[in-house]
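Trainee: Top line first, the protein sequences correspond to chains A and B.
Position 170 of the first sequence, counted from 1, bears residue number 269 in my numbering, the numbering being contiguous throughout.
Position 100 of the second sequence, counted from 1, bears residue number 199 in my numbering, the numbering being contiguous throughout.
What the hints contain is simulated information worked out from the structure, not anything from laboratory work.
Think of the CB as a built atom: it goes at the ideal place given N, C-alpha and C, for glycine as much as any other residue.
Warning: the hint list may mix true and false statements.
What the hints assert, rightly or not - Computed Cβ-Cβ distance ranges for the label pairs, DEER-style:
(1) A/P260 x B/E248: 25 to 33 Å
(2) B/R112 x A/D140: 19 to 27 Å
(3) B/E195 x A/K192: 30 to 38 Å
(4) B/G206 x A/G155: 39 to 47 Å
(5) A/K163 x B/E171: 50 to 58 Å
(6) B/E171 x A/I168: 45 to 53 Å
(7) A/D269 x B/G206: 20 to 28 Å
(8) B/N145 x A/D148: 36 to 44 Å
Claimed, not checked - Facing chain B, from chain A, some residues (calculated, C-beta under 7 Å):
(9) W153
(10) G155
(11) N225
There are 2 protein chains.
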Amino acid sequence: MIKVLRLGHRKARDARITTHVCLAARAFGASEVIISGEQDDKLIENVNDVTERWGGPFKVSYQKDWKKILKEWKGEIIHLTMYGIPIQDIIKKIKESKNEKLIIVGGPRVPGEIFKIADFNVAVTNQPHSEVSALAVFLHMFFEGKELEKEFENPKIRIIPSKEGKKIVDGGVKDDKAS
Amino acid sequence: MIKVLRLGHRKARDARITTHVCLAARAFGASEVIISGEQDDKLIENVNDVTERWGGPFKVSYQKDWKKILKEWKGEIIHLTMYGIPIQDIIKKIKESKNEKLIIVGGPRVPGEIFKIADFNVAVTNQPHSEVSALAVFLHMFFEGKELEKEFENPKIRIIPSKEGKKIVDGGVKDDKAS
Chain A
100 MIKVLRLGHR KARDARITTH VCLAARAFGA SEVIISGEQD DKLIENVNDV
150 TERWGGPFKV SYQKDWKKIL KEWKGEIIHL TMYGIPIQDI IKKIKESKNE
200 KLIIVGGPRV PGEIFKIADF NVAVTNQPHS EVSALAVFLH MFFEGKELEK
250 EFENPKIRII PSKEGKKIVD GGVKDDKAS
Chain B
100 MIKVLRLGHR KARDARITTH VCLAARAFGA SEVIISGEQD DKLIENVNDV
150 TERWGGPFKV SYQKDWKKIL KEWKGEIIHL TMYGIPIQDI IKKIKESKNE
200 KLIIVGGPRV PGEIFKIADF NVAVTNQPHS EVSALAVFLH MFFEGKELEK
250 EFENPKIRII PSKEGKKIVD GGVKDDKAS
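So that you can see chain A by itself, here it is in the shape it has in the complex (with noise of 0.2 Å):
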């Protein structure tokens, strides 16, 4: 099980690529996203409503006090940081424990005790690049491909792979529990 903390959330400027955290955190197979840094109750909406349509379970939600989720939290840290160690140096490492991992997200501007309570500070790649890139490239390689065959439950519209076009149709994975 994978949560991601996004920390440092601005309202105004990060509204899109924290969405896009979000979605990426979901797609490639995170259970959940907490948000850090300012409410953005609208941004929460707007994720929670692609889960509601594209399929979960998936949750997001919004935590002011950071350090208590991390006091709290019982698996292991894991700061995504350009500054970090090679994801590839590390990534076996990181998954020979079965603890929950909590992933950090963060800006430019990560309190820098993260990188001391962090268990691993993981670079993907030593560059600037993206807080969207760096997590969906992570988690992939966490999962090794296989949230590429990630199977969303109770999806209200799903899409049919096509060659070229779009094929979206009405949900179709059985939903036993509302039957």
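Use these hints to put chain B onto chain A, whose structure you have.
Mentor: Leaving out everything else, chain B in the frame of chain A:
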């Protein structure tokens, strides 16, 4: 050689996402991004500034007439779209030819003809997430992780990977041309 065509850029709304697309393209081994949609000199300046500091080669440019680019393109055209064929089912075929590749990333309103023009419509999951994560994971799978080892030329600064801190050093990759 991989180039990326970013369609439909909107200056006000997409500045950060398109910047992240460009930086992910650079970090994960593409050699160039061509931006279409609205002209955005500031964005191009920002990306060039990253390349100047962190190393190249990497090119970013604006081209209003994307149809011309597609018409003149000699290699394969790959359109990243959630409606396409799952990447895990098609990546091997995409890699068969050694031609240059043009990767198209758009937004929700990609013109329908792109689906026809593309040699491959490729889905990095059939779920909604982000052009940034789709591009990064595509490049990661295309380059099979070798892109993570990429060394950029003539950086002014670079990171020394660190277990728990930030280590940045000046350049460090010898620039024979400049000596």
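Trainee: With reference to the structure, classify each hint as holding or not holding.
Mentor: Quick rundown of the hints versus the structure:
1. A/P260 x B/E248: 25 to 33 Å: 32 Å, holds
2. B/R112 x A/D140: 19 to 27 Å: 21 Å, holds
3. B/E195 x A/K192: 30 to 38 Å: 35 Å, holds
4. B/G206 x A/G155: 39 to 47 Å: Given about 25 Å between the Cβ atoms, the range is violated.
5. A/K163 x B/E171: 50 to 58 Å: 53 Å, holds
6. B/E171 x A/I168: 45 to 53 Å: 52 Å, holds
7. A/D269 x B/G206: 20 to 28 Å: 24 Å, holds
8. B/N145 x A/D148: 36 to 44 Å: 32 Å, violated
9. W153: For A/W153, the interface hint holds, since the closest Cβ of chain B sits about 6 Å away, which is under 7 Å.
10. G155: 11 Å, violated
11. N225: Holds: closest Cβ of chain B sits about 4 Å from A/N225, inside 7 Å.
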